[in-house]
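K.L.:
Just so you know, the protein sequences line up as chains A and B, in that order. Sequential numbering of the first sequence, starting at 6, is according to the numbering used here. Sequential numbering of the second sequence, starting at 1473, is according to the numbering used here.
Any given hint could be a false lead.
Across the chosen pairs, the derived CB separations fall in these ranges [unchecked claim]:
(1) B:Leu1557 - A:Ile607: 48 to 54 Å
(2) A:Gln630 - B:Phe1485: 29 to 35 Å
(3) A:Arg628 - B:Arg1559: 29 to 35 Å
(4) B:Phe1485 - A:Val645: 17 to 23 Å
(5) B:Leu1557 - A:Ile603: 39 to 45 Å
(6) A:Gln630 - B:Ile1474: 54 to 60 Å
(7) B:Arg1559 - A:Val643: 20 to 26 Å
(8) A:Gln630 - B:Val1554: 33 to 39 Å
(9) A:Leu621 - B:Ile1505: 39 to 45 Å
(10) A:Met649 - B:Thr1477: 18 to 24 Å
What the hints contain is simulated information worked out from the structure, not anything from laboratory work. Backbone N, C-alpha and C define an ideal beta-carbon position, used for all residues, glycine too.
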Amino acid sequence: MTSYAYLIPVFPLLGFIINIFFGKFLKRGAAWVSILSSLASCALGLPAAYEVAKTGQIFSAHAEWLTLGRSTLSFGYLLDPLAATLLFVVTIIGTLIQIYSAGYMQDDPRFSRFFAYVSLFMSAMLTLVIADNYALFFMSWEVMGLCSYLLIGFWFEKNSAANAGLKAFLTTRVGDVGFFLGILTLFTATGNLNFTELESSVHAAGATPALALAALLIFCGTIGKSAQFPLHVWLPDAMEGPTPVSALIHAATMVAAGVYLVARSFALFSAFPSVMQVVVLIGTLTAFMAAFIALSATDIKKVLAYSTISQLGYMVTALGLGSLSAGTFHLMTHAYFKALLFLGAGSVIHGTHSQDIREMGGLLKKMPHTAWTFIIASLAIAGVPPLSGFWSKDEILLAAFDSGNKIVFFLLLVIAFMTAFYMFRLVFLTFFGTLRNHKIHPHESPATMTGPLWILALGAILVGLPGSPFFGHWFSNFIHGPVTQGTHEIHGSGAVHHALNWFVVGCSVAAGLGGILLAAVFYLGKLNPSVWVMRTFKPLYDLSIHKLWFDEIYSVLLVRPFLKLGQWLFIFDQKAVDGLVNAAGTGTVKSSNLQGWIDKHIVDGLVNLVGVVTQLTSATVRRVQTGLVQHYLLITFVSVILLMYFHVKP
Amino acid sequence: MIPLTHYLIFANFLFVIGIFGALVRRNIIGILIALELILNAVNVNFVAFSQNTSPDPATGQIFAFFVIAIAAAEATVGLAIVLALFRVRKTILTDEIHLLKW
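My request is simple: use the sequences and hints to build the entire structure.
P.N.:
Now the structure itself:
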């Protein structure tokens, strides 16, 4: 099965081609094309992932692509535990979300195009997952960026959606440039782009500054794609896209690609403790900041978006702390419950036609399937045992605890607390209490939407188990097995733990339950302290609700100067460049006029003069030719006489 | 024996008369006759020089025969042209025939 792994991304690509060219004729069938192509990828990908999981082997094959000097670029696939994990996540979630989309998007006029884009995205994401080198990785990375842009701006009639697409594209581009430079630096430093040989080539090159630079630049790609501080601003705006897209691309898979990139480059990163510290710093900062903003957001999707940023920060922190397994594990569990949360939010939006949680309330009775799955997912993200989020979050906290960095550990606990709080604020405001806006008539969504919700809910409950002590921390053994065979330990925490640290578990559970409890006090009870809190901590509240003023700062520092510069350049273009062009035009006309005059009067005059002179001369000379024979005879005779006179003269 | 000078003077007269006739006569027949005179003046010169100065007198005489033959041919062609011309133009006066003009 594994030898056909290269076919995994091919099916969605076929789906894309069919839908983009023939989607109009297929109408509703476009959804079937995409779903079937995804199912085909599942059918190939899941057994392959199972094969890797069962045997613990790495499968890879590659073909030569082009030779640059001494080194060769190849493309091929690499199925190791990391890729298998992502394959497991992407194929299942992708398929479920496409089934869900068939219901969610059913009235959209661009139905087939939506599925075409999603299929293209699936193809790129799967290529990225099984890519065995940075070049192929980067290409699919960019295609995903394109799909993200197209799907955020899918409803481009809305100005805000079009702008959000542009913003996402431009912001991630900043990171991508860094990533590309990082790849180039890595290639110059080691002459190798293959993941399998990354570790040995890094070891061979030694810990040079160039490699550290390469690691930092590659991390730029993560910052852009995974919406880390300071390039996180695009992700909340990306929620302008259709909700299934938010779930698939901007929560579960694509944004996780940045984390996957760090995990893929782990051998490179872990060689530089200073780079790892930068990673931890960025991750923690992002996680904290996003959680803080999520506390006050009122748009159901914005809350989830900031939650995503925060959780991605969590994963990045885990990787930065040297725990490859914790970061990847959280990536996997997060993909399930966050996809579920977004699909639940989509179902709520579908049922209420509103996104403002202040208007909702009491939806538990009206939309039971949506509500219960949403609550399961919220429990999972809040880290309540034994749901999946608990196990992965606990791993990360344990890694932070073991690293000895008390500040990071404490911050992560606070973030866990905040996460639980804002998630249950969302749950309580949406599903409990009474409906606040009576213009809303909520109804439960169709089975194509609730079906995937329940399957994902099952996932949100169960996918944590492989990493739990019940299964002997199978997951971290699995991830660490072949990849880090014979590697040094990083900070002493990259290793596999087999004992529960009851202190960490206690802290984590306390933070989660505490957050839920506080949210319940705030939003369930009769006394409503939220207004009081709002007033007392007004500066903090303002900071949160204005998203730490990031958009405004960027607007003042970057966007407006660039627009100004653009206007200046436009004026310069109009006045100076166009002026020059016009001057060149008029100059040419003038000079050609002059040339024309010279041609007409001087050159033609000379030619005519030659003609006139010839005519005049011939008019005179031809008079000699009288036509009278005797004249000729006379001339001949006289000439002969003269010749004789001059020649025969003694 | 008649000295060479006499022959030359005679031939000279003959030649001049021929030239004069060729230049002055208006009638083409007259011009043709004058040309015959010029040729015969040349013939006289040939024969005279051949007799008096050449080691082999036959040379000049053979030249004279050639000239006579060519003169005959020339007269024939000339008269033919004159006949043709007359048929077209009804005249044989040279000042009325200036076809070879510019």
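K.L.:
Is it true that the C-beta distance of A:Arg628 to B:Arg1559 lies inside 29 to 35 Å, as the hint says?
P.N.:
For A:Arg628 and B:Arg1559 the Cβ distance comes to about 31 Å; the hint holds.
K.L.:
Per the hint of 29 to 35 Å, is the separation of the Cβ atoms of A:Gln630 and B:Phe1485 within bounds?
P.N.:
Cβ of A:Gln630 to Cβ of B:Phe1485: about 33 Å, so the range 29 to 35 Å holds.
K.L.:
Taking the beta carbons of B:Phe1485 and A:Val645, is their distance inside 17 to 23 Å?
P.N.:
Roughly 18 Å apart at Cβ, these two residues keep to the hinted range, so it holds.
K.L.:
Using the beta carbons of A:Met649 and B:Thr1477, state whether their distance is inside 18 to 24 Å or not.
P.N.:
holds (19 Å)
K.L.:
Are B:Arg1559 and A:Val643 spaced within 20 to 26 Å by their CB atoms?
P.N.:
violated (34 Å)
K.L.:
Honestly, do A:Gln630 and B:Val1554 meet the 33 to 39 Å range at C-beta?
P.N.:
Between A:Gln630 and B:Val1554, where Cβ atoms are some 22 Å apart, the hint is violated.
K.L.:
Can you tell me whether the CB distance of A:Leu621 to B:Ile1505 sits inside 39 to 45 Å?
P.N.:
holds (43 Å)
K.L.:
Does 48 to 54 Å hold as the CB distance between B:Leu1557 and A:Ile607, or does it fail?
P.N.:
With Cβ atoms ~52 Å apart, the hint holds.
K.L.:
Can you tell me whether the CB distance of B:Leu1557 to A:Ile603 sits inside 39 to 45 Å?
P.N.:
violated (56 Å)
K.L.:
Take a look at whether the Cβ-Cβ distance between A:Gln630 and B:Ile1474 falls inside 54 to 60 Å.
P.N.:
violated (45 Å)
Hint compliance for this structure: hints 5, 6, 7, 8 are not met, and every other hint is.
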